[in-house]
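There are 6 protein chains.
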Amino acid sequence: MIRRIDRIAIEMPPPSEPDPAGAAAVQELMGGRFGEMSTFLNYTFQSFNFRNRQGARPFYDLIANIAGEEFGHIELVAVAINTMLTGATPATNGGTRKAPLAAVKDVGNPHHFLAGGQGALPQNSQGRPWNGDYVFSSGDLVEDLTHNFFLETGARNNKLKVYEMVEHPAARALTGYLLVRGGVHQVAYARALERLTGADLMKLFPSPRIPTEKIPECKPHIERGDHLRLYRFSPTDYLELAAVFNGPHPETGEDLVVIDDPPEGAPPHDLPSQPAVFAPGYAPEEIAEIAEKLRERAGMSKDPSGEVANGRKSAAKPRRTTRKATAGSRK
Amino acid sequence: MIRRIDRIAIEMPPPSEPDPAGAAAVQELMGGRFGEMSTFLNYTFQSFNFRNRQGARPFYDLIANIAGEEFGHIELVAVAINTMLTGATPATNGGTRKAPLAAVKDVGNPHHFLAGGQGALPQNSQGRPWNGDYVFSSGDLVEDLTHNFFLETGARNNKLKVYEMVEHPAARALTGYLLVRGGVHQVAYARALERLTGADLMKLFPSPRIPTEKIPECKPHIERGDHLRLYRFSPTDYLELAAVFNGPHPETGEDLVVIDDPPEGAPPHDLPSQPAVFAPGYAPEEIAEIAEKLRERAGMSKDPSGEVANGRKSAAKPRRTTRKATAGSRK
Amino acid sequence: MIRRIDRIAIEMPPPSEPDPAGAAAVQELMGGRFGEMSTFLNYTFQSFNFRNRQGARPFYDLIANIAGEEFGHIELVAVAINTMLTGATPATNGGTRKAPLAAVKDVGNPHHFLAGGQGALPQNSQGRPWNGDYVFSSGDLVEDLTHNFFLETGARNNKLKVYEMVEHPAARALTGYLLVRGGVHQVAYARALERLTGADLMKLFPSPRIPTEKIPECKPHIERGDHLRLYRFSPTDYLELAAVFNGPHPETGEDLVVIDDPPEGAPPHDLPSQPAVFAPGYAPEEIAEIAEKLRERAGMSKDPSGEVANGRKSAAKPRRTTRKATAGSRK
Amino acid sequence: MIRRIDRIAIEMPPPSEPDPAGAAAVQELMGGRFGEMSTFLNYTFQSFNFRNRQGARPFYDLIANIAGEEFGHIELVAVAINTMLTGATPATNGGTRKAPLAAVKDVGNPHHFLAGGQGALPQNSQGRPWNGDYVFSSGDLVEDLTHNFFLETGARNNKLKVYEMVEHPAARALTGYLLVRGGVHQVAYARALERLTGADLMKLFPSPRIPTEKIPECKPHIERGDHLRLYRFSPTDYLELAAVFNGPHPETGEDLVVIDDPPEGAPPHDLPSQPAVFAPGYAPEEIAEIAEKLRERAGMSKDPSGEVANGRKSAAKPRRTTRKATAGSRK
Amino acid sequence: MIRRIDRIAIEMPPPSEPDPAGAAAVQELMGGRFGEMSTFLNYTFQSFNFRNRQGARPFYDLIANIAGEEFGHIELVAVAINTMLTGATPATNGGTRKAPLAAVKDVGNPHHFLAGGQGALPQNSQGRPWNGDYVFSSGDLVEDLTHNFFLETGARNNKLKVYEMVEHPAARALTGYLLVRGGVHQVAYARALERLTGADLMKLFPSPRIPTEKIPECKPHIERGDHLRLYRFSPTDYLELAAVFNGPHPETGEDLVVIDDPPEGAPPHDLPSQPAVFAPGYAPEEIAEIAEKLRERAGMSKDPSGEVANGRKSAAKPRRTTRKATAGSRK
Amino acid sequence: MIRRIDRIAIEMPPPSEPDPAGAAAVQELMGGRFGEMSTFLNYTFQSFNFRNRQGARPFYDLIANIAGEEFGHIELVAVAINTMLTGATPATNGGTRKAPLAAVKDVGNPHHFLAGGQGALPQNSQGRPWNGDYVFSSGDLVEDLTHNFFLETGARNNKLKVYEMVEHPAARALTGYLLVRGGVHQVAYARALERLTGADLMKLFPSPRIPTEKIPECKPHIERGDHLRLYRFSPTDYLELAAVFNGPHPETGEDLVVIDDPPEGAPPHDLPSQPAVFAPGYAPEEIAEIAEKLRERAGMSKDPSGEVANGRKSAAKPRRTTRKATAGSRK
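Chain order of the listed sequences is U, H, Z, D, L and E.
The first sequence begins at 5 in the numbering used here and counts up by one.
The second sequence begins at 5 in the numbering used here and counts up by one.
The third sequence begins at 5 in the numbering used here and counts up by one.
The fourth sequence begins at 5 in the numbering used here and counts up by one.
The fifth sequence begins at 5 in the numbering used here and counts up by one.
The sixth sequence begins at 5 in the numbering used here and counts up by one.
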C-alpha cells in the first residue's frame with residue numbers, strides 16, 4: 005500500500021511562455037520506453053513479484069523502495085508538461101473568439117488539446133501510448149537488476165536528449181533533477197549486481213559519458229549531495245537497502261548515503277484553468293462556488309485547505325473529518 | 005509523492021493448489037481495460053492534470069485520494085496471481101527432471117512461465133499488455149467523473165465475472181474485497197457528479213444489478229462497514245474529500261463515512277522460490293547467503309528485518325541506517 | 005442487413021482553400037477513441053449481441069437504430085476530410101513539376117499523401133489506427149447504456165475541441181451538425197437509463213457545459229428542430245424506439261420527437277481527381293473513357309447515372325439492370 | 005447513409021450444443037486481417053474516398069455496393085458466434101451455483117465471458133482487436149482493385165480453414181454462405197481489373213484451388229444461383245455496377261447476373277438471456293416488464309413488434325410513431 | 005548486402021510426433037521481445053546506423069557480423085516450428101474427411117492453422133506480433149552494447165524456459181544450439197564493453213546461472229568448441245572483430261576464437277505438403293508437374309536442383325543460367 | 005544462412021543539407037506496411053515456411069532469392085535516412101551550446117533524435133513501429149504470390165509518393181533505384197502466377213501507371229538494364245529461379261535476364277559522428293584511440309581495415325584471422 009503526500013519532489017517554476025512543442029517532446033520522459041512510467045512500473049511489478057523476499061531482503065527492499073521514489077518522478081514529469089502547456093490557449097472563454105485552438109493546430113501532440121485539457125498523457129514523444137511490454141519482470145534477480153541498470157542507462161540518455169531539445173524552464177528543472185536522481189538509481193542497481201556477482205561495474209559510469217555536474221540545472225542537486233543519497237520512501241519499511249547501497253560513488257569516490265526520511269519536497273503550483281479546453285470546466289468559477297458550499301455544509305473552513313505554491317495556505321486547516329474511525333485504523 | 009508501506013490491504017490466503025489457468029483469467033483485473041492498473045492510473049493522471057485545484061479542492065482531493073487506494077489494489081491483484089501460480093512448477097531444481105514446465109504447456113498465459121517467474125504481468129486475460137489508451141483525463145471535471153463512474157461500473161462487471169470463473173481461494177478473497185471497495189468508489193464518483201450537477205444517480209445502483217452482500221467473500225468486509233468507508237490514504241492531505249463523500253449509501257441508506265487513517269492491512273506471505281523459472285534464481289540459497297553477509301557488513305541484524313505473514317519477524321529490527329540525514333529530510 | 009443510399013446527411017461546402025493540417029485534426033472524429041467509428045461500431049456490436057430482444061425490444065430498437073445513423077456520420081467525417089485535402093497537391097500531372105508533394109512534407113498526417121490518395125483514414129489525430137478495444141459490448145443493458153452515455157459525452161468534447169481548432173468551412177459544417185446530432189444521442193441514452201432505473205440524469209446536460217445553440221454552425225440544425233428528433237433509419241423496423249425516446253428535452257423542455265423517415269440528406273460533391281497522388285489514377289481521363297464504353301456496352305446511357313452536388317444529373321437514368329430477378333428478391 | 009433492415013442474410017440454425025472454442029476460432033472471420041470487418045471497412049473507406057466518381061461511376065458503384073453487402077456479413081458472423089456461445093453458461097441465475105463460468109476457464113477467448121456477455125467481439129481468433137491498418141485505400145483505382153482481389157482471396161482461405169476446424173452447425177452455415185458470396189466478390193474485383201487494364205485474370209480461379217460446389221453447405225446457395233449474382237444493396241443507387249459485373253463466371257462459364265433487389269434474408273433467432281454473464285441483465289424479466297410498460301405508455305401494442313425467427317410475430321404492428329414528420333423526410 | 009545460402013546452421017531432426025502446443029511456445033523465440041527476430045534486427049539496425057565506423061571499426065565489425073549469424077537463428081527457429089507442426093493435420097486431402105482441423109481447435113496458436121499453412125509466424129508465444137519497439141539503436145556505442153548484453157541475457161532466459169517446457173526433439177535441438185551460440189554473443193558484448201570501459205563483467209556469467217554444459221542438447225556443441233567461437237559470416241569483411249573477441253571465456257577460461265569461415269551447416273529437411281491447410285496448395289502434385297515442365301523449358305535438368313536432407317540430390321546440377329552476366333558482376 | 009557483405013547496392017550521395025522532415029517521410033519505405041522490412045520479411049518467412057520445396061523448386065528459389073535482395077534494400081533505406089539526418093545537429097559537442105537539438109523540436113520524427121542517434125528506425129512515416137501483422141505467409145503458393153504481387157504494387161505506389169515529396173539527393177537516389185528493382189520483383193511475381201495458373205497479368209503493368217523510364221533517377225538503372233535483371237543473391241543456390249523468370253518484359257518486350265552474380269555494389273560513406281546525440285559517443289575520438297590499440301594488440305594493422313566510400317582503404321588488409329586462434333585471439 006501507499007500513502008500519498010500532496011507535495012512534489014522539488015520546487016518547480018511557475019508557468020511562463022507556453023511551449024506545446026516542447027511539452028510533446030517531454031512526453032518521452034513520461035510514456036516512452038525509458039520514461040518514468042517504465043521505471044515506476046518495472047520496479048513496482050518486480051517488487052510485487054519478488055519471491056523469497058526474506059531470503060533476499062536487501063535486494064527486495066532496494067527495488068521496492070526505488071519504485072516508491074519513481075511515483076514522484078512521473079508526478080514531476082506531469083507537472084513539467086502541464087506547466088509548459090499552460091497558456092497555450094486563451095485564458096478566457098469570451099464569446100467573441102472564433103477558434104481558440106487554431107494556434108496549436110499541427111503543433112506538438114494534438115491529444116494535449118483534443119483529448120486532454122492541456123494535460124500530461126501516458127504517451128511518448130510520438131503520441132503513442134505507454135504499454136505493458138515495457139515492463140520486464142523475469143523474477144530472476146540478477147537478470148532483473150541487469151535490466152534495471154540498462155533501463156536507467158537508456159533513461160539517462162533520453163533525459164539528456166530532452167534537455168538538449170527543450171529550453172523551457174520547467175523542462176530544464178525537470179531534467180536537471182531527474183538526471184541526478186536517475187544517476188543514483190543507476191549506481192544502486194550496478195552496486196546490487198556487484199554485491200550479487202562480484203563483478204565490478206563502476207567503470208561503466210557515467211553512461212552516456214557526459215558529466216552531470218557540468219549541467220547547470222544539475223548543479224544545485226549535486227551540491228546538496230543528492231547524487232549520493234538514496235531516500236527511504238517509507239515510514240516503516242525497506243530498511244535493508246542500506247546493506248546494498250553503500251561504498252564509493254563510481255565517479256566521485258564519495259560515500260553513498262541512505263537517508264531514512266524522504267525528501268521534504270515542495271507544494272506544486274496550482275495551475276490555472278484553461279477554459280478553452282474545458283479544464284476543469286467551461287466556467288470554473290461555478291465549480292468553485294459549489295466547492296465552497298460543500299465545505300461549509302461539511303463544517304469545514306470556507307477556504308480551501310490544500311497547500312499550493314502560488315496560493316495562500318488556508319489559515320485554519322479543517323478539522324479532521326473522521327466520524328467513526330474504529331478498529332479499521334492502524335495504531 | 006508517495007510513501008510505501010510493506011503491507012497489503014487485507015490478509016490473503018497462503019498458496020494452495022496452483023491454478024495457472026485461473027491466474028490467467030485474474031490478469032483481466034490487472035491489465036484489462038477495466039483492471040486495477042486502469043483505475044489506478046486514470047485517477048493518478050486526473051489528479052496530476054487537475055487545474056484550479058484550490059477552486060475545486062473537494063473534488064481534487066477525492067480523485068487524488070482514491071488513486072492512492074488503487075495502488076493497493078494492483079498490489080493485491082498481483083498477490084492473488086502470484087499465489088495462484090505458486091507450485092505450478094516443481095519446487096526443486098533437481099538434476100533429474102527433464103521438462104519442469106511441460107505441465108503448463110498450453111495452459112493459461114505462457115508469459116507467466118516463459119517471460120516471467122510465475123509472476124503477475126501488466127497484461128489482460130488474453131495476454132495483451134495494458135496501454136495508455138485506457139487512461140481518460142479530459143481535464144473537464146464533470147466528464148472525468150462521468151468516466152470514472154462508468155469505469156467503476158465496468159470494473160465491477162469484470163470482478164463479478166472473474167469471481168464466477170475462478171474458485172481458487174486467492175481469487176475469491178481478491179474479488180470479494182475488490183467488489184466492496186470498487187462499490188465504494190462507484191458511489192463516490194456518482195455522489196461527486198450529483199454534487200456538481202444536481203442529478204440524482206443513486207437509482208443506478210447496484211450496477212451490475214447483483215447484491216454484493218449475498219456474495220460470501222464480500223460479507224466480512226460489509227459487516228466491518230467497508231462498503232460505507234472512504235479511507236484517507238494520506239497522513240496529511242486530501243482532507244476535503246469528506247465534503248463530497250457523505251450522505252446515504254444508495255443501496256442501504258446508511259451514512260457514508262470518511263476514515264482519516266488508512267486501513268491497517270496485513271503483511272503478505274513470502275511466496276516461495278520457484279527455481280524452475282529461476283525466481284529469484286536457480287539457487288536461491290546462494291542469494292540468501294549473500295544477503296546475510298551484506299546485512300552483517302552493514303551492521304544490521306543477521307536476520308531479515310521485513311515482516312511477512314508466514315515468517316517470524318526478526319526480533320530486533322536493524323537500527324536506522326541514516327548516516328548523514330540533513331537538510332534533505334523533512335521534519 | 006443494410007441498404008445504402010448515395011446521399012450524405014447534410015449539404016457540405018465544396019472544396020476551397022485546402023487545410024491538410026486541419027484534416028489531420030479532424031481525423032480524431034473519425035478514428036479516435038470517441039470518433040464516429042467508435043459510436044458506429046459500438047452500437048452496431050451492441051445490437052448484434054443483444055440477447056432477449058423481444059423482451060427488451062424498445063431498448064434494442066433504440067441502439068440498433070442509432071447505429072444506423074452513425075454510419076452516416078463516419079461518411080460525413082470522410083467527406084469533410086476529403087474536402088479539406090482537395091487541392092493540397094497540384095491539380096495536374098504536368099511533366100515539369102519536380103516534387104508535387106513537397107509542400108505537404110511534415111504537414112498534418114503523412115499517410116494522407118503517402119499511403120492514401122488525399123483521403124480519410126481509419127486513424128485518429130495522431131495517425132494511430134482505430135482498434136477494436138474501443139468497442140464496449142458487455143451485454144448488460146444498463147452497463148452498455150451507461151457506456152454509451154459516457155461515449156457520447158466524450159464525443160461531444162472532441163467535437164467541440166475540433167471546432168475550436170479548425171476553421172475550414174467543411175470542418176465547421178461537420179462539427180456544427182455532429183454536435184447537434186450527438187447531443188440527441190446523448191439524451192437518448194440518458195433517457196433509456198432513466199426508463200430502466202428510475203434515475204434522473206437530465207441535470208447532467210449539457211456536458212461539456214457549453215450551450216450548443218450559441219454555436220453558429222449548430223443554429224440552422226436547431227432551428228430545424230434536429231436537436232429534438234430521432235430519425236428512424238429503417239423503412240420497416242425499430243418502431244419501438246419511440247417507447248423510450250420521448251418526454252422533454254433536458255435543456256429546452258421541448259418534446260422529443262421520433263421521425264419515421266430518415267433525413268433526406270443531400271448529394272455529395274464529386275471531389276476532383278488528385279493526379280499527384282494517383283487518385284483515382286495518374287490519368288483519370290482514361291478511366292472515364294473506359295467507364296463510358298462499359299456503360300454503352302451494357303446498354304446504359306452514355307452519361308454517368310449518379311447524382312452529385314456539383315454535376316448535372318444524367319437526364320435519363322439507365323434502365324434497371326435486372327436480368328433474372330427471381331425468388332431471391334423480397335416482395 | 006444507410007437504412008437498416010432487421011433481418012439477416014440467410015436463415016441461421018438455432019442454438020444447439022455450445023462451442024466456445026469454435027466461437028473463438030470463428031472470430032477470425034470477424035476481426036482478423038481478412039475478416040468481414042476488413043472487407044466491409046475497406047470497401048466503405050474506398051467508396052468514401054473515391055474521387056471523380058462521375059468519371060469512374062461503374063467502378064465506384066461496384067465498390068460502394070459491395071460495401072453494403074459486407075455489413076450483412078459482419079452481422080452474420082456475429083450471429084454465428086452468438087449462437088455458438090449460447091448455453092455455454094448455466095441458463096439460470098440460481099443462488100446455489102458457485103462458479104457458473106468455471107467450465108469455460110481456459111477455453112476459447114476469455115473476453116467472450118469476462119468482457120462481453122457471450123457475444124461477438126471486434127477481435128480475431130487470437131483475441132487481438134481489429135485495427136485500422138487493415139484498411140487499404142490508396143485512391144488509385146487499379147491498385148485498390150488489386151488489393152480487393154487479394155483481400156477476397158485471403159478471406160476465402162480463412163473461411164475454408166474455419167470451415168475445416170469448426171463443425172458447429174452455425175459455423176458451417178456461416179462459412180458455406182460466405183464462401184459463395186466471397187467468391188462472387190472475388191470475381192467482381194477481378195472483372196473490374198480486367199475491364200480497366202485488359203488483363204485476363206479468370207484463370208486465377210478458384211483460389212485457393214478448392215471447388216466450392218463440393219462443399220455441402222455451399223451447395224444450396226449455388227443451386228439458387230447465388231454464386232453468379234451481385235445484388236444491388238440500394239433502393240436507388242449504384243446502378244452502373246452492371247456495366248462491370250457481367251460476362252461469364254470464370255469457373256462455370258455461366259452468365260454473371262445483377263439483381264436489382266437485395267436478398268430477402270430472414271429474421272434472426274432471438275437468442276436467450278445468459279444471466280450468468282448479465283446479458284441483458286441479471287434479471288432479464290424485470291427489463292421485459294419495463295419494456296411492456298413503456299410500450300403501453302407510448303400507445304403501442306403490449307406485445308413486442310419485432311420479428312424474430314423463434315418468436316411469434318406480434319399480430320398487430322404498433323402504429324407508425326411519427327409525430328411531426330415534415331420537411332425532414334424525403335419524398 | 006547479403007548472400008543467401010540454402011543451408012541451415014545445424015542438422016535438425018525430421019518431423020516426428022507433431023506438437024502444435026509446443027510450436028506455439030517456441031514462437032517466443034521467434035517473435036518475442038527476446039526472440040531471434042529481436043537479436044537479428046537489433047544488431048542489423050545498429051550496424052546500419054553505426055557512425056564513424058572507421059574510428060570504431062572493431063566494434064562495428066563485431067555487431068555487423070553477429071547480425072549475420074542471427075539471420076540463421078530466425079531460420080532455425082522457423083525450421084523447428086515447421087517441423088513440430090508437420091503432421092498436425094491429415095496428410096491427404098481425401099474427400100471423406102469432414103473437419104481436418106478439428107483436432108487443433110483451441111490448441112496452441114490458431115494462426116498456425118487459420119492464417120498460415122502450419123508455418124512459423126513473426127509472433128510470440130501469445131500470438132502477438134513482433135514489433136519495431138523491440139529494436140534499440142541509440143547510436144551510443146556503450147549504451148547499445150549494454151543493451152545487447154541485456155538482450156542476450158533475456159534471450160538466454162527465454163531459451164532455457166522453452167527448453168524446460170517443450171520436449172519435442174526439434175525444440176530441444178533448437179534450444180540446445182541457441183543456448184550455446186547465444187552464450188557466445190553474450191560474452192562478445194560483455195567483452196566489447198570491457199574493452200571500451202575497462203569494467204570487468206566476466207563475473208556476471210552465466211546468467212541465468214545455469215551451467216549450459218549440463219544440458220544434454222548443448223553438449224555436442226560445447227564439445228565441438230562452439231561455445232568459444234565467433235564465426236565470421238562474411239567472405240570479405242568484418243575482419244576486426246578479432247580485435248575485440250579474444251581472451252579467456254568467463255566460465256571455462258579457455259581462449260575465445262575467431263573462425264574466418266562460417267559454419268558449414270546442413271541442408272534442411274524438405275517438409276512435406278500439408279494439403280489440409282493448402283500448403284503449398286490443395287493439390288501439390290500439380291505444382292510439381294508445372295515445375296518440372298518449367299525446368300525442361302528452361303533447359304535445366306528434369307529433377308530439382310536443390311539439396312535437402314531427406315531427398316536425393318540431383319545428380320547433375322543445372323548449368324549456370326546466366327545469359328548476360330557482364331559488368332554487373334563483381335570480380 | 006547468409007553471408008554479409010559490407011557494401012551497399014548502389015553508390016549513394018554523401019551527406020549534404022540535412023533534411024530531418026524528409027527523413028521522417030522516407031521512414032515509410034522502411035517500416036511502413038509496404039516498406040522494405042515488409043518485402044524482406046514477407047519473402048523470408050515465405051521461404052522459411054515453404055513446404056515441398058523440391059516439388060515446387062523454381063518458385064521456392066524465386067521467393068528465397070528475392071528475399072536475399074530485399075535485405076540490401078532495407079540497408080539502402082537506412083543509408084538514405086542516416087545521410088539525410090547527418091548534420092541536423094551541431095557537429096561539435098562544445099560546451100557553450102545550450103540546446104543543440106532545439107532546431108529539430110517538432111520537426112520530423114522525434115525518435116530520430118530522442119531515442120536514436122540520428123539513425124533509421126523500424127518505424128513508418130508516422131513513427132509507428134513495423135509489426136509482424138504485415139507479414140503474409142499462408143503457405144498456399146498461388147495466394148502468397150498474389151499477395152507478393154499486390155505488396156510490390158503498394159510498395160511502388162509508396163516509393164513514387166516519397167519521390168514526389170522529398171527532394172533530398174539521398175532520397176531521390178534511393179527511390180530511383182528502388183522503383184526499378186521493385187518493378188522487377190513485381191514482374192517476377194506476376195510471371196510466377198502466370199506460370200502456375202495460365203493467367204496473363206502483363207497488362208496490369210505499370211501499376212501505378214507511371215512510366216518509370218521518365219523519372220530521371222531511374223534512367224541510369226534502366227540504361228544499365230537493371231529493369232530486366234534478376235540477380236542471384238547466392239553463390240551456390242536458387243538456380244531454378246531462371247525457370248520462372250524469363251520471357252518478355254511486360255512494358256518493353258525485352259527479354260528478362262537472370263544474372264548469376266549479385267550486383268557489385270559500392271562501399272557506403274562512413275557517416276560522421278553526431279556528438280550532440282552521443283553517436284557513437286560523446287567523445288568519438290576516445291573510441292577511435294581504443295580501437296587502434298585493440299587492433300595493435302591483436303596484431304592487425306594500425307589503420308582500420310574496412311572499405312568506405314569517403315575514406316582511404318587501409319593499404320594492407322590485416323591478415324586473415326583463421327580458425328584456431330592465432331594472432332586474432334587474445335593471450
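Think of the hints as simulated: they come from the structure by calculation, not from any bench.
On a predicted model such as this, the values are computed, not experimentally measured, just so you know.
Possibly wrong hints are sitting among the right ones.
Identical copies go unnamed one by one, so any copy, or any two together, can satisfy a pair.
To be verified - Taking lysine-lysine and the DSS-like style, the derived pairs with C-alpha atoms no more than 27 Å apart in a straight line are:
#	residue 1	residue 2
1	102	223
2	102	306
3	297	207
4	223	109
5	102	297
6	207	306
How the hints compare with the structure:
{"no.": "1", "hint": "102 x 223", "verdict": "between (46 Å within a copy, 15 Å between copies)"}
{"no.": "2", "hint": "102 x 306", "verdict": "neither (37 Å within a copy, 47 Å between copies)"}
{"no.": "3", "hint": "297 x 207", "verdict": "between (61 Å within a copy, 19 Å between copies)"}
{"no.": "4", "hint": "223 x 109", "verdict": "between (37 Å within a copy, 25 Å between copies)"}
{"no.": "5", "hint": "102 x 297", "verdict": "neither (34 Å within a copy, 47 Å between copies)"}
{"no.": "6", "hint": "207 x 306", "verdict": "between (58 Å within a copy, 26 Å between copies)"}
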